[in-house]
Amino acid sequence: MNTLVRRSFQAFNTTLKISCRAFSEAGINDKIEKIVKNNKVVVFMKGVPDAPRCGFSNAVVQIMRMHAVPYESHDVLSDENLRQGIKDYSNWPTIPQVFINGEFVGGCDIMLQMHQSGELIEELKKVGIKSALLTAEEAKQGEKKN
Amino acid sequence: MLRFFQHRTIRNMSSASGIVESTIRNKLLTILESKHVQVINESYMHNVPKGAETHFKVVVVSEKFDGLPLIKRHRLVNELLAEELQNGVHALSIVAKTPKQWEESDKLVENSPNCRGGFGK
Numbered sequence: 001m002n003t004l005v006r007r008s009f010q011a012f013n014t015t016l017k018i019s020c021r022a023f024s025e026a027g028i029n030d031k032i033e034k035i036v037k038n039n040k041v042v043v044f045m046k047g048v049p050d051a052p053r054c055g056f057s058n059a060v061v062q063i064m065r066m067h068a069v070p071y072e073s074h075d076v077l078s079d080e081n082l083r084q085g086i087k088d089y090s091n092w093p094t095i096p097q098v099f100i101n102g103e104f105v106g107g108c109d110i111m112l113q114m115h116q117s118g119e120l121i122e123e124l125k126k127v128g129i130k131s132a133l134l135t136a137e138e139a140k141q142g143e144k145k146n
Numbered sequence: 001m002l003r004f005f006q007h008r009t010i011r012n013m014s015s016a017s018g019i020v021e022s023t024i025r026n027k028l029l030t031i032l033e034s035k036h037v038q039v040i041n042e043s044y045m046h047n048v049p050k051g052a053e054t055h056f057k058v059v060v061v062s063e064k065f066d067g068l069p070l071i072k073r074h075r076l077v078n079e080l081l082a083e084e085l086q087n088g089v090h091a092l093s094i095v096a097k098t099p100k101q102w103e104e105s106d107k108l109v110e111n112s113p114n115c116r117g118g119f120g121k
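Quick note, the sequences are listed as chains E and A, same order.
Here the first sequence stands for residues 1 to 146, where the numbers follow full-length UniProt numbering.
Here the second sequence stands for residues 1 to 121, where the numbers follow full-length UniProt numbering.
It should be emphasised that the hints constitute simulated quantities derived from the structure, not laboratory data.
Take these hints with a grain of salt, some might be off.
Simulated restraints on C-beta separations [as the list claims (entries may be wrong)]:
id, chain 1, residue 1, chain 2, residue 2, range
1, E, Lys145, A, Gln86, 26 to 36 angstroms
2, E, Glu119, A, Glu110, 11 to 21 angstroms
3, E, Ser78, A, Gly51, 41 to 51 angstroms
4, A, Gln38, E, Lys37, 35 to 45 angstroms
5, E, Glu137, A, Gln101, 24 to 34 angstroms
6, A, Asn111, E, Ser78, 33 to 43 angstroms
7, E, Gln62, A, Leu108, 17 to 27 angstroms
8, E, Asp30, A, Ser17, 40 to 50 angstroms
9, A, Glu83, E, Lys31, 27 to 37 angstroms
10, A, Gln38, E, Gln116, 14 to 24 angstroms
11, A, Gln86, E, Gln62, 27 to 37 angstroms
12, A, Val109, E, Glu143, 36 to 46 angstroms
Calculated lysine-lysine pairs in the BS3-like style (CA-CA distance at most 27 angstroms, straight line) [claimed, not checked]:
id, chain 1, residue 1, chain 2, residue 2
13, A, Lys64, A, Lys50
14, A, Lys100, A, Lys72
15, E, Lys87, A, Lys35
16, E, Lys145, E, Lys87
17, A, Lys72, E, Lys31
18, A, Lys72, A, Lys107
19, E, Lys34, E, Lys87
20, E, Lys87, A, Lys97
21, E, Lys126, E, Lys40
22, E, Lys125, E, Lys34
23, E, Lys87, A, Lys27
24, A, Lys57, E, Lys87
25, A, Lys107, A, Lys64
26, E, Lys34, A, Lys72
27, E, Lys130, E, Lys40
28, E, Lys34, E, Lys126
29, E, Lys37, A, Lys72
30, A, Lys50, A, Lys100
31, A, Lys72, E, Lys126
32, A, Lys72, E, Lys40
33, E, Lys125, A, Lys72
34, E, Lys145, E, Lys130
35, A, Lys97, A, Lys50
36, A, Lys100, A, Lys27
37, A, Lys64, E, Lys87
All of these numbers come straight from a predicted model, not from anything done at the bench.
The beta-carbon is built from N, C-alpha and C at its ideal position, and this holds for glycine as well.
Can you build the whole structure from these sequences, using the hints too?
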């Protein structure tokens, strides 16, 4: 009985959430689409690059810094609409979220692994960004040759 | 005999883990038919009440990840745990490997980065 009540309440709650969200969804979706399509690299994070407010967001900022990637960042903590909107847009439940060339690439775990495997350098290359790590590597190779 | 006893103690300790933690473990074990699952409650690293179940790291080793790119593996786990993620679980760090990758790896799981106080804001 209890379960039944709880279930129906949950269902009601979900419908309520969905209908409330429907009003703002169209607007925020368009807004996000514009953001991610107009910039090669976009990071949705907690806090700002100079003062991240979550360890996972900070890790992504550090990776971007290592590769010297120019990117646009958006603080989801300062905009509740964006915080939920970005999760719905990418169908991804957590923050941070990284977009390259309009495509959702992943969160902190995936960025870390792409960084470690070298895949990130390749992905950046595809959109015309040369990673600083690659530049440093080439400089080293050049020195050896000379 | 002593060994048996030690085993029991360990068992008892693990059964004291939180309800969300064991739900996550069971889902990953049964639905993904995982060979190895680790569910680490990292909530204590964050600004949440003692005993909270808000921040988790999961290690999942399953054949089902074979041939799937990383993002699809993560999506699979996220979808499985959608209910938990909507009801209180706030951070989920995922290590998703195939049994072969797991065997070849050093089997060490890195710590998650330190909290920087964003919770609940």
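Here is what the structure says about each hint:
{"no.": "1", "hint": "Lys145/E to Gln86/A: 26 to 36 angstroms", "result": "violated (56 angstroms)"}
{"no.": "2", "hint": "Glu119/E to Glu110/A: 11 to 21 angstroms", "result": "holds (18 angstroms)"}
{"no.": "3", "hint": "Ser78/E to Gly51/A: 41 to 51 angstroms", "result": "violated (31 angstroms)"}
{"no.": "4", "hint": "Gln38/A to Lys37/E: 35 to 45 angstroms", "result": "holds (39 angstroms)"}
{"no.": "5", "hint": "Glu137/E to Gln101/A: 24 to 34 angstroms", "result": "holds (26 angstroms)"}
{"no.": "6", "hint": "Asn111/A to Ser78/E: 33 to 43 angstroms", "result": "violated (28 angstroms)"}
{"no.": "7", "hint": "Gln62/E to Leu108/A: 17 to 27 angstroms", "result": "holds (20 angstroms)"}
{"no.": "8", "hint": "Asp30/E to Ser17/A: 40 to 50 angstroms", "result": "holds (44 angstroms)"}
{"no.": "9", "hint": "Glu83/A to Lys31/E: 27 to 37 angstroms", "result": "holds (28 angstroms)"}
{"no.": "10", "hint": "Gln38/A to Gln116/E: 14 to 24 angstroms", "result": "holds (20 angstroms)"}
{"no.": "11", "hint": "Gln86/A to Gln62/E: 27 to 37 angstroms", "result": "holds (29 angstroms)"}
{"no.": "12", "hint": "Val109/A to Glu143/E: 36 to 46 angstroms", "result": "holds (37 angstroms)"}
{"no.": "13", "hint": "Lys64/A to Lys50/A", "result": "violated (35 angstroms)"}
{"no.": "14", "hint": "Lys100/A to Lys72/A", "result": "holds (18 angstroms)"}
{"no.": "15", "hint": "Lys87/E to Lys35/A", "result": "violated (30 angstroms)"}
{"no.": "16", "hint": "Lys145/E to Lys87/E", "result": "violated (49 angstroms)"}
{"no.": "17", "hint": "Lys72/A to Lys31/E", "result": "holds (26 angstroms)"}
{"no.": "18", "hint": "Lys72/A to Lys107/A", "result": "holds (22 angstroms)"}
{"no.": "19", "hint": "Lys34/E to Lys87/E", "result": "holds (16 angstroms)"}
{"no.": "20", "hint": "Lys87/E to Lys97/A", "result": "holds (24 angstroms)"}
{"no.": "21", "hint": "Lys126/E to Lys40/E", "result": "holds (10 angstroms)"}
{"no.": "22", "hint": "Lys125/E to Lys34/E", "result": "holds (22 angstroms)"}
{"no.": "23", "hint": "Lys87/E to Lys27/A", "result": "holds (23 angstroms)"}
{"no.": "24", "hint": "Lys57/A to Lys87/E", "result": "holds (19 angstroms)"}
{"no.": "25", "hint": "Lys107/A to Lys64/A", "result": "holds (19 angstroms)"}
{"no.": "26", "hint": "Lys34/E to Lys72/A", "result": "holds (25 angstroms)"}
{"no.": "27", "hint": "Lys130/E to Lys40/E", "result": "holds (12 angstroms)"}
{"no.": "28", "hint": "Lys34/E to Lys126/E", "result": "holds (20 angstroms)"}
{"no.": "29", "hint": "Lys37/E to Lys72/A", "result": "holds (22 angstroms)"}
{"no.": "30", "hint": "Lys50/A to Lys100/A", "result": "violated (37 angstroms)"}
{"no.": "31", "hint": "Lys72/A to Lys126/E", "result": "holds (21 angstroms)"}
{"no.": "32", "hint": "Lys72/A to Lys40/E", "result": "holds (22 angstroms)"}
{"no.": "33", "hint": "Lys125/E to Lys72/A", "result": "holds (23 angstroms)"}
{"no.": "34", "hint": "Lys145/E to Lys130/E", "result": "holds (22 angstroms)"}
{"no.": "35", "hint": "Lys97/A to Lys50/A", "result": "violated (31 angstroms)"}
{"no.": "36", "hint": "Lys100/A to Lys27/A", "result": "holds (22 angstroms)"}
{"no.": "37", "hint": "Lys64/A to Lys87/E", "result": "holds (25 angstroms)"}
Checked against the numbered hints given earlier, the structure breaks hints 1, 3, 6, 13, 15, 16, 30, 35 and satisfies all the rest.
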